[in-house]
Amino acid sequence: MLLKYRSDYQKIAMGLLSLLPTFKDWDRLQRELAWYQDGPDRTLYLWKDEHDDFAGVLGTETQGDYLIVRLITLMPDKQLTRNTWQMLDQLATAVPTKRLMGTLTTAKIIAKWEYHHGQSHAERAAADSGQ
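Per our numbering, residue 1 is the first one in the sequence shown, and the count goes up by one each step.
If you're looking for bench data, these hints aren't it; they were derived computationally from the structure. It is possible that part of the hints are untrue.
Said to hold, decoys possible - The calculated lysine-lysine pairs, modelled on DSS-like cross-linking and capped at a C-alpha distance of 30 Å, are: (1) 24 with 4; (2) 112 with 24; (3) 4 with 112; (4) 48 with 11; (5) 98 with 108; (6) 48 with 78; (7) 78 with 108; (8) 4 with 48; (9) 24 with 11; (10) 108 with 4; (11) 24 with 48; (12) 98 with 4; (13) 11 with 78; (14) 24 with 78; (15) 112 with 78; (16) 78 with 98; (17) 98 with 48; (18) 98 with 112; (19) 112 with 48; (20) 24 with 108; (21) 4 with 78; (22) 48 with 108; (23) 108 with 11.
To be verified - Here are the computed distance ranges between Cβ atoms for each label pair: (24) 89 with 31: 24 to 32 Å; (25) 107 with 78: 19 to 27 Å; (26) 64 with 12: 24 to 32 Å; (27) 39 with 14: 14 to 22 Å; (28) 65 with 35: 32 to 40 Å; (29) 116 with 25: 32 to 40 Å; (30) 26 with 64: 29 to 37 Å; (31) 65 with 112: 18 to 26 Å; (32) 39 with 116: 29 to 37 Å; (33) 108 with 42: 19 to 27 Å; (34) 85 with 52: 15 to 23 Å.
We put the beta carbon where it would ideally sit given N, CA and C, even for glycine.
Take the sequences, apply the hints, and build the full model.
In structure tokens:
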């Protein structure tokens, strides 16, 4: 289950974000968390697994018709493709009017998720061009 970040989840969010190599530095981690809180077009989601335990975090930024997935990570014992796809499925359901896109870091994950959910590259290209 995806939950939007709120301040009482701060320690959990910081713990999950610290799993990413980029956020090993405390100051960098706090700046990233503040960045998501300061922008109305940016959202940090926490993901609970089937046991209702916090197991992942997903950061997004809205740009036009796209929802850019800026970061995605799971607890080491939860790093399974099905969990990643479950997170992305829930995100796509939560924001059905936006197309999920990735950054240089997340694009490969998003592309695999789209491919395995029945949308080929040709269909995406046609959808993007308005045809």
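Hints and how they fare:
This hinted pair checks out: residue 24 and residue 4 have alpha carbons roughly 23 Å apart, not beyond 30 Å. Proximity of residue 112 to residue 24 is assessed by CA-CA distance (about 27 Å); at most 30 Å being required, the pair is judged to hold. Annotation: proposed proximity of residue 4 to residue 112 holds, straight-line Cα distance about 24 Å (limit 30 Å). The straight-line distance between the Cα atoms of residue 48 and residue 11 is roughly 15 Å, inside the 30 Å bound, and the hint therefore holds.
Pair hint residue 98 plus residue 108 holds up; C-alpha atoms about 18 Å apart against a cutoff of 30 Å. About 11 Å separates the Cα atoms of residue 48 and residue 78, which keeps this hinted pair within 30 Å; it holds. The straight-line distance between the Cα atoms of residue 78 and residue 108 is roughly 19 Å, inside the 30 Å bound, and the hint therefore holds. With a C-alpha separation of about 11 Å, the suggested pairing of residue 4 with residue 48 holds against the 30 Å cut-off.
The straight-line distance between the Cα atoms of residue 24 and residue 11 is roughly 14 Å, inside the 30 Å bound, and the hint therefore holds. Among the hinted pairs, residue 108 with residue 4 is consistent with the structure: their alpha-carbon atoms are about 24 Å apart, no more than 30 Å. Between residue 24 and residue 48 the CA atoms are separated by roughly 23 Å; this keeps the pair inside 30 Å, and the hint holds. At roughly 17 Å between alpha-carbon atoms, residue 98 and residue 4 fall within 30 Å of each other, so this suggested pair holds.
Between residue 11 and residue 78, the direct Cα distance comes to roughly 19 Å. Compliance with the 30 Å bound is thereby established for this hinted pair. Only pairs whose Cα atoms come within 30 Å are accepted, and residue 24 paired with residue 78 is accepted, the gap being roughly 20 Å. Proximity of residue 112 to residue 78 is assessed by CA-CA distance (about 18 Å); at most 30 Å being required, the pair is judged to hold. Our distance criterion of 30 Å between C-alpha atoms is met by residue 78 and residue 98, whose separation comes to about 27 Å.
Taking the CA atoms of residue 98 and residue 48, the gap is about 23 Å. The hint holds against a cut of 30 Å. Between residue 98 and residue 112 the alpha-carbon distance is near 18 Å, which keeps this suggested pair within the 30 Å criterion. At roughly 22 Å between alpha-carbon atoms, residue 112 and residue 48 fall within 30 Å of each other, so this suggested pair holds. Restraint check for residue 24 and residue 108: the C-alpha separation of about 23 Å stays at or below 30 Å, so the hint holds.
Between residue 4 and residue 78 the CA atoms are separated by roughly 20 Å; this keeps the pair inside 30 Å, and the hint holds. For the hint linking residue 48 to residue 108, the alpha-carbon distance of about 23 Å falls within 30 Å, and the restraint holds. Our distance criterion of 30 Å between C-alpha atoms is met by residue 108 and residue 11, whose separation comes to about 29 Å. Residue 89 and residue 31 have their C-beta atoms about 30 Å apart, which keeps the hinted 24 to 32 Å range intact.
Between residue 107 and residue 78 the C-beta distance comes to about 22 Å, which sits within the given range of 19 to 27 Å. Restraint check, residue 64 to residue 12: a C-beta distance of roughly 31 Å satisfies the suggested window 24 to 32 Å. Remark: the range hint 14 to 22 Å for residue 39 to residue 14 is upheld by a beta-carbon distance near 18 Å. For residue 65 and residue 35, the Cβ-Cβ distance of about 22 Å falls outside the hinted range of 32 to 40 Å, so the restraint is violated.
For the pair residue 116 and residue 25, the supplied restraint of 32 to 40 Å holds, since their beta-carbon distance comes to about 35 Å. Distance hint check: the CB atoms of residue 26 and residue 64 are about 34 Å apart, consistent with the given range 29 to 37 Å. Between residue 65 and residue 112 the beta carbons are some 21 Å apart, a value that agrees with the proposed interval 18 to 26 Å. A hinted range of 29 to 37 Å holds for the C-beta pair residue 39 and residue 116, which are about 31 Å apart.
Remark: the range hint 19 to 27 Å for residue 108 to residue 42 is upheld by a beta-carbon distance near 22 Å. The supplied range of 15 to 23 Å is met by residue 85 and residue 52, whose beta-carbon atoms lie about 19 Å from each other.
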